[in-house]
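Engineer: Listed in order, the protein sequences are those of chains A and B. Counted from 1, the first sequence has number 192 at position 21 by this note's numbering; the numbering is strictly sequential. Counted from 1, the second sequence has number 67 at position 87 by this note's numbering; the numbering is strictly sequential.
Rather than coming from a laboratory, the hints here were simulated on the basis of the structure. Note that this is a predicted model, so its numbers are computed, not measured. Note that the Cβ used here is the ideal one computed from N, Cα and C, for glycine as well. Hints may contain errors.
Coverage of chain B stretches by chain A, computed from C-beta distances (three or more under 8 Å per stretch; other residues unrestricted) [said to hold, decoys possible]:
{"no.": "1", "stretch": "-4 to 4"}
{"no.": "2", "stretch": "22 to 30"}
With beta-carbon atoms standing in for the labels, derived distance ranges [what the hints assert, rightly or not]:
{"no.": "3", "chain 1": "B", "residue 1": "Thr10", "chain 2": "A", "residue 2": "Gly227", "range": "17 to 23 Å"}
{"no.": "4", "chain 1": "B", "residue 1": "Ser33", "chain 2": "A", "residue 2": "Asn241", "range": "25 to 31 Å"}
{"no.": "5", "chain 1": "A", "residue 1": "Gly227", "chain 2": "B", "residue 2": "Gly81", "range": "17 to 23 Å"}
{"no.": "6", "chain 1": "A", "residue 1": "Gly187", "chain 2": "B", "residue 2": "Arg57", "range": "47 to 53 Å"}
{"no.": "7", "chain 1": "B", "residue 1": "Pro20", "chain 2": "A", "residue 2": "Gly266", "range": "25 to 31 Å"}
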Amino acid sequence: IAGITQAPTSQILAAGRRMTLRCTQDMRHNAMYWYRQDLGLGLRLIHYSNTAGTTGKGEVPDGYSVSRANTDDFPLTLASAVPSQTSVYFCASSGGNPTGELFFGEGSRLTVL
Amino acid sequence: DAKTTQPNSMESNEEEPVHLPCNHSTISGTDYIHWYRQLPSQGPEYVIHGLTSNVNNRMASLAIAEDRKSSTLILHRATLRDAAVYYCILRSRGAQKLVFGQGTRLTINP
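Chain A on its own, in the form it takes in the complex (with noise of 0.2 Å):
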């Protein structure tokens, strides 16, 4: 059972350089989500998408885009990376209703020198 994977697990990129982090869910579930945790601090909502199709801006989503083409696959593309986009990134996905829990991928730690 995958549930969500994302991908890279680790990456080191150069300032100004674009760079798209992966995710995908086998759940079919209809909502996902990308979050940004950095050290000593909680996570933060980045970006989500309700449904296939449709996204919306979370509480930090300035530098980052994020598109739904389909179901399964969320991922976020940084345009120009600078320093304090590092962080470390989760993806999650839920099904939908109130009472449903997310599900979070293993996160991808991104260092922007």
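Starting from the known structure of chain A, arrange chain B on it as the hints suggest.
Structural biologist: Quick look at chain B alone, frame taken from chain A:
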């Protein structure tokens, strides 16, 4: 989104019960109370959730105050594996997203 307030850290001993408090004085009638935990170097994992009544599952129990302005996550017999950051989150009906606060870092002493 309604806010939650949790202690920054708590400490307990192995095989003893742990009561993790959460205040949510601005909770609305449609807000569900969710608890997640995050083990070191892992993504968060779901623990339990409830609306008005107390809830039990294999991981924990959730006690919800009658006025719903506070709740307590109860680990009946803590193990070293329960050392984690525990997040109390309100999720309103119709809202898909969860907004995480700072959580409580739970330390379990052997």
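Engineer: A separate judgement is required for each hint: does it hold in the structure or not?
Structural biologist: Status of each hint after checking the structure:
no., hint, result
1, -4 to 4, "violated (count 0)"
2, 22 to 30, "holds (count 6)"
3, B:Thr10 <-> A:Gly227: 17 to 23 Å, "19 Å, holds"
4, B:Ser33 <-> A:Asn241: 25 to 31 Å, "38 Å, violated"
5, A:Gly227 <-> B:Gly81: 17 to 23 Å, "20 Å, holds"
6, A:Gly187 <-> B:Arg57: 47 to 53 Å, "52 Å, holds"
7, B:Pro20 <-> A:Gly266: 25 to 31 Å, "27 Å, holds"
In terms of the numbered hints stated before, the structure departs from hints 1, 4, listed from lowest to highest.
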